[in-house]
Amino acid sequence: MSPNAPKKKYTRKDFSSDQEVRWCPGCGDYAILAAVQRILPDLGGTPENTVFISGIGCSSRFPYYMNTYGFHTIHGRAPAIATGLKLANPELDVWVITGDGDGLSIGGNHLLHVLRRNVDLQILLFNNQIYGLTKGQYSPTSQVGKVTPSSPLGSVDQPVVPARFALGACATFVARSYDTSKRLPETLTDARKHDGAAFIEILQNCPVFNDGVFDLITDRKTGPAYQLWLENGQPMRFGANGEKGLRMNPETLTLEVVTVGEDGITEADIVIHDETNLSLAWMLTDLPGVVALGVLYRQPGPVYNESVTKQRELAKERFGEPDIKALLRTGHTWTVV
Amino acid sequence: MSPNAPKKKYTRKDFSSDQEVRWCPGCGDYAILAAVQRILPDLGGTPENTVFISGIGCSSRFPYYMNTYGFHTIHGRAPAIATGLKLANPELDVWVITGDGDGLSIGGNHLLHVLRRNVDLQILLFNNQIYGLTKGQYSPTSQVGKVTPSSPLGSVDQPVVPARFALGACATFVARSYDTSKRLPETLTDARKHDGAAFIEILQNCPVFNDGVFDLITDRKTGPAYQLWLENGQPMRFGANGEKGLRMNPETLTLEVVTVGEDGITEADIVIHDETNLSLAWMLTDLPGVVALGVLYRQPGPVYNESVTKQRELAKERFGEPDIKALLRTGHTWTVV
Amino acid sequence: METSAAARVHPSPRKILDSVVIRFAGDSGDGMQLTGSQFTTATAMAGNDLATFPDFPAEIRAPAGTTYGVSGFQIHFAAHDIRTPGDAPDVLVAMNPAALMVNIDALEPGGLVVINTGAFNKNNLAKAGYEESPLDDGSLDPFRVLAIDITKMTLESVKGSGLGSKDAQRCKNMWTLGLMYWLFGRERESTVRWLEKKFAKNPKVAEANIAALNAGHIYGENAELPHGIGAYQVPAAKLEPGEYRNISGNEATAWGLVTGARLAGLEIVYGSYPITPASNLLHNLARLKQFGVTTFQAEDEIAAVSAAVGASFGGAIGITGTSGPGVALKSEAIGLAIATELPLVIVDVQRGGPSTGLPTKTEQSDLFQAVWGRNGDAPLAVLAAATPGDCFYMAVEALRIAVKYMTPVMLLTDGYLANGAEPWHLPDIDALEPFPVKFHEDPEGFMPFMRDKDSLARVWAIPGTPGLEHRIGGLEKQQDTGHISYDPANHHMMTKLREAKVQRIAKDFPKAAIDQGDPRGDMLVVGWGSTYGAISQAVRMLREQGRKVSHLHLRNIWPLPEGVGDLLRSFGSVLVPELNNGQLVKLLRAEYLVDAESLTKIAGQPFRIGELVEAVEERLNRSLQ
Amino acid sequence: METSAAARVHPSPRKILDSVVIRFAGDSGDGMQLTGSQFTTATAMAGNDLATFPDFPAEIRAPAGTTYGVSGFQIHFAAHDIRTPGDAPDVLVAMNPAALMVNIDALEPGGLVVINTGAFNKNNLAKAGYEESPLDDGSLDPFRVLAIDITKMTLESVKGSGLGSKDAQRCKNMWTLGLMYWLFGRERESTVRWLEKKFAKNPKVAEANIAALNAGHIYGENAELPHGIGAYQVPAAKLEPGEYRNISGNEATAWGLVTGARLAGLEIVYGSYPITPASNLLHNLARLKQFGVTTFQAEDEIAAVSAAVGASFGGAIGITGTSGPGVALKSEAIGLAIATELPLVIVDVQRGGPSTGLPTKTEQSDLFQAVWGRNGDAPLAVLAAATPGDCFYMAVEALRIAVKYMTPVMLLTDGYLANGAEPWHLPDIDALEPFPVKFHEDPEGFMPFMRDKDSLARVWAIPGTPGLEHRIGGLEKQQDTGHISYDPANHHMMTKLREAKVQRIAKDFPKAAIDQGDPRGDMLVVGWGSTYGAISQAVRMLREQGRKVSHLHLRNIWPLPEGVGDLLRSFGSVLVPELNNGQLVKLLRAEYLVDAESLTKIAGQPFRIGELVEAVEERLNRSLQ
Ligand SMILES: Cc1ncc(C[n+]2csc(CCOP(=O)(O)OP(=O)(O)O)c2C)c(N)n1
Ligand SMILES: Cc1ncc(C[n+]2csc(CCOP(=O)(O)OP(=O)(O)O)c2C)c(N)n1
Ligand code: SF4
Ligand code: SF4
Ligand SMILES: [Mg+2]
Ligand SMILES: [Mg+2]
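Protein chains in written order, with the numbering used here: chain R, 1 to 337; chain P, 1 to 337; chain U, 1 to 625; chain W, 1 to 625.
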């Protein structure tokens, strides 16, 4: 944020553009939009210093609805475009909006590299397990067997697990939430506060082409049994009454669902979440019968754009004031009289 | 392999083409070539049913030196081209040859998807931590600080860890070896025997642009202290006299180097390798002061090209003999008289 | 399913019309596409010639009642042969205010508007942007208006069905269809049967819809319609006898590819990444696995074409389909197929550009990219389909050229062809000449780049063949041996050879011939691709007016067929109408040094016949002055 | 480092030559590139005009002694101004049999061959493919041969240095250089100083090399050279007075970009993925971080151009450099920059195609791709540099156009320009006109696509500016507001507008003017890019012979400058020599309907002056018959 940013207190409305929102009625994207618009003022963001960069997809329409700077680019390339923007002006607060197709299909390579470079961005991957905009083909996160127009006998592709992919890409911040979650703003805030690339998978319902894929998890009634909300330093408890938890099986090195109070299980058996533990984060990416939500992994690391800036300053120190005339005379010159 | 493949016993020579090998003298690629040529006859391969597909790079010259079918394609696309080939003819034994630039820079997305789909291929990634063919720029696996023509003040990019990337991509077989290792043929053989995508990172010395980056690991003298050779079901021992080993720290969930016989450490403290354990494999990708070699992870899973074939057969069963005339008449037709 | 429908005669006295254009318009949820396609089937059975075009909203599912959520379907049917869905509707069906708002400007004064007043409430009027109801403000005065509370009528007609109000309301498109059936003398049976089948699992819904359909029809029969609105009849057209179906371009392309592969004796590997308007090519082919078709939904366009190239290397025919932005991404890999001389078919279903452009709209702006959009001197063959049904034949032809000449072939269609539909005289499959591929098998003297003297195609030797082991790649290759070669003279020769091979394809084509008109005259109108219908109708009208205008339509863009130059030079002037900023015209000028003039329309929409007629007249008159 | 070197006079009686072409050839490990560049420096200081071209082996480091491991360096220097490294060498230095084998065919009979017999052992002869030694079999009879055991001489000269035999042998290139210095009357000081600096940390090596250099020189002075070989002198050329340096194209491009950015007042974000022969553009710029240059080595070409587009959105100038295959991959993203009207510079250092082609060889075959290789109607500006030094000015110009017109600009250079070098008269930086960018800042009435009436450029409003928040994208935009628009008329208008904006750039260019010769005559030779030198020399020779030939060289490919058509029509015929299969020629024919003829050379090598002269003569004679 530039130091002389105005002190004006912004509200959610200041971050809403005048464009009519054109997602299908009931689309999960609405809730995510609302969450983002809600947190930005609290984080001290200003419309002029905030930029949303997206690829192509339903989700990638997002920037149009933000009264900030925005760039609705081409399919899959938002991370690369955002990297260039951040290199041109590191002061900006840059958000990348992508979908499971945009980010993990055509854009998988850029996502890999923006994560491992640790460019200071927030990357929101709207995972509806479907290609929405092109009308419903299966995506890289669709489950095996998914019947769609392009997989009339069911998809045979093993899906990508976004959080696992992100850890494999050496991401320094990996989180998960879902569209209508009350805790989405909190997770987004955590992401914003992280220095470096913050990756958030947001489970998002597409009522038109993939209605209800996440219902078990996101439903008010069934949800609690499937949602494991991670809190750093806290035991991993979940369930309607918090009766369940995760225990480490040291033989298999997996996390098992147990019920506290049953079979002699006590609170002490439940694993304490440590956001900085990479092995633990890995195990949390794919749990049996429960979904880890919140921050799976957070570990500070060198930030790409900062290193680049430092090097540019170092070069200035080392090579002195730039002088084109001297540049043209590096090496050997001679004079014809 | 087609059932009526000739029973002729092939030798290494049968797999060597008449093309002069044009890598730089001392390049690690020679040793890898020799290892591949050595194992193919033993695996019952025939030159006609074996195909090598590569991208672009020094390593990607590989197919020219094999007396098999070969395709030296374009930069980064070998996994996709191999997928198409395997769909056209699943009987072929298809090997993909790629480099750290070819496979993890421009080709990262295809590598991700070929791994998660689990196409039945062997994928050999020659990792010399440099772009050889284009004369020595840093690559996605180069260490931070690497000085090259394109990073005169040192690279600031955090490197990709190939094995970690592969696990993040849900690979079903992940191994590691190095160019001159005596055990490379064994690892290659394991890869060949795996149904599905077998990923092997091969540390490879580039004497011209990155000489000696792996010396500590691969040197005859220093090597034993840095090489942890994994054997399924065996304790993870290493060191010149096998005096060292890995112990699990249950608090940090990391593997620690310990010396058996010191500080009360016994053989019982040493972790037993289990190739099918995904958490263990993850921890093995990046160890402190030692490099895991051999098969880090191996877990059978549905093979993409087999599922595709099955579905095609299912379609034939379900929809009967293909008949173009009937096809043109699906839906509604009428006759004008 | 086949019904004989020739020349029915309707008993009641109907006004005879020569041709009619109807546009059905409503909210995305109103089922206009279904309504349109049912009307199409019934019209085809009535023996008219027809052409249709859907107009989907750009949004997946816009909020109800908004203008950008309006979905349209236009059908043109006539007692003679026609080739476009019509310039402007004679009849507009507007199911809500937004549909009226969006479409009323297209209607000529005197046109008929059928309006569902039930949807003209305050809320909907506001959403459509009306301050006052157009039913009251006189703005519809220039038109004949049939204003009916279709919602209410529908609800009444399905009262007994036991459906909830929401489901009951859904039947209003069938009520409307019933009314339209009556107006234009269509039979209801095919729709009744279709409803029964579609809702087989839900007979209540089927019955309700049928009831609504019948009620609409009865309304027409009984209600006293306003003055000037009556029942019409469009007599059957004289169509060539035979078996017909309605076909869209993407269907025809898919079936043509499958047919071509059969004629070649090959399996298909179709690598594709979804993109509008090419996606349903993938969908269509995915349903044809029993034909030896493998569809591979790749991670991106580069992987899609790469997989196709790999498949062709392996002895299948690799095919990839996409639209403009996808072709851009594929261009490097297409170059590989050119360099390695592997067969490959690329279907480009063009859409509005540049960049993401107008993804749901039609355009012909990828011609340059098709012919010249690659690094290096990288020639390939380019074909263009002229009508939805022609997509079938051009797909077969693309496959034939690809395997005969061992070359990539780009087939250009577009959004208009892909989604537009026309009655299609089914081809006699047995009459199509097979072109079976023979893979090379003889190791004696084998070299991977040895060629057929005639076609200049190299041998196709596939992995799995004993004794033919060899390596290919994207580096320049030595003649015959295919070994890497940096030899300067060889590179020159190979570049010329690749060019010559592609040029040689023209020998397979018939000499260029005028599609309509005399071989010389005042003006030659040269078209390509989907403008065929509009140009053809326009030229017919001009010729009827005595204009010395002819029509040449190019289906082979590259190489150009022989004789084009002579034809161009046989006319006083040459006009090249294109749905782009002038691309074929440059090609023709460069090749033939003829001062061909460009007529451009870059509006995401096909030419109207009228605007073509006008443009030609204007130029002819100008040159007379 | 600056030395005055004008018009030295050598005391000893030397044969005066007008110009000489020397080719140094040896094994990759023999240090031929260093030798060549040292000879170049000394020659420049002697006041000759000169041009050089290195010929690297395709392999990184081929096994010693093989023909494909031969590395060459050619220098052409003269007493008058010259523009190419010469058609064929007068002198060949062959450090081993392979070097002789590869290069001897290029030498004209009577040419001088300097041979290191020390390398002509059995093993090396066999590796080079000689059955018998060419020193013995008479095959060198047509040439003047200076056969010396340079290896032995070198070892002797450095005996006292304490170097091991391997290191001592390495000095043989300096021995050879010493001899060549003597032969052509060059001073040794600059090389001595360079050696001292280069081996500052290893004075033993420096001393040995200097000793070898001196020994070679002394050998020339003292040895009795065979008949017909003596000392030569090429008098100084009349060069424009001023400060000079030797410059290669990629250096000039890099410095031009940095200079352009300074003139615009912008920082550079250069996104690139290494590719031959563009890689050292990245290397050059990576060393200039202190100039506000950020280099981003991207994961692929798509990311490279995307980052550049993102940077331009952010208010830096985004630049991306690559070669043909990379441009193919970038084409979709370039389309985005066109649609969003962002400035962007794309440098295409062309190489042999199609596909991977001949990566280390030069070619001009990306012109089509540059002008037309994108989906949709997607116009951008295309420039082409004519000489290594011209790359500097064209890079500045590319930047100027990009920011003035808010458009992508493609700058075409090629492998020949990139690696070739020439003496360059340093520009007066202060005399270059600045073109400072003014970002839009005023929220009053702001709309992101409002334009300058004159240039048609839209405003550049960058993130971080309060009150100008807006969204852009690749979908079609409404005029002025930039809101997404599916309106047909708007799309037509915007397409025409994008075209008009790019065409308008031509108003900034001077009217097309003949480079050499009269404005009318028998033949106009039209070139572009790196063929400048060869065409220019050829036309000069032809004109000296009295031929009515002129030379027009296009540096603005798109839009074309005004007046080209008139010039073309002022000549009896038009010949367009290109290092491709005929690309500019199509453009010219399409634009001007002139029957321009194509002269193609697709051999990975520049035109020789002689072959151009011949081609022109042949055609002129033909037309006289
Ligand atoms: C180069 C290119 N290829 C394909 C497309 C078509 N396309 C647009 S969005 C999309 C996928 C959208 O899926 P996702 O990213 O999951 O977003 P969602 O619509 O589900 O939010 C595709 C295939 C395109 N616009 N550009
Ligand atoms: C599209 C494209 N971009 C760039 C290149 C240039 N290029 C060729 S190989 C290579 C990288 C090679 O590195 P790696 O894959 O690690 O292979 P190595 O040479 O080290 O074996 C690059 C950048 C190319 N050939 N094609
Ligand atoms: S298609 Fe699905 S993802 Fe797209 S806007 Fe509609 S509901 Fe949302
Ligand atoms: S440059 Fe390096 S990787 Fe390439 S061939 Fe030479 S030694 Fe091997
Ligand atoms: Mg999605
Ligand atoms: Mg490498």
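Hints listed in this document are in silico derivations from the structure and should not be mistaken for laboratory results. A portion of the hints provided could be inaccurate.
[Said to hold, decoys possible] List time: in silico DSS-like cross-link candidates among lysine-lysine, alpha-carbon distance up to 30 Å:
1. P:K135 <-> W:K197
2. W:K204 <-> P:K135
3. W:K166 <-> P:K221
Problem - Pairwise hint evaluation, K197 of chain W against K135 of chain P, where the allowed Cα distance is 30 Å at most - result: Roughly 25 Å separates the two Cα atoms, so the pair holds.
Practice task
Mind checking the alpha carbons of K204 of chain W and K135 of chain P for me, to see if they're no more than 30 Å apart?
Solution key: Status holds; Cα separation ~29 Å.
Exercise for the section: For the pair supplied as a hint, K166 of chain W and K221 of chain P, confirm whether the alpha-carbon distance does not exceed 30 Å. Expected result: holds (27 Å)
Violation of the numbered hints given earlier is absent; every hint is satisfied by the structure.
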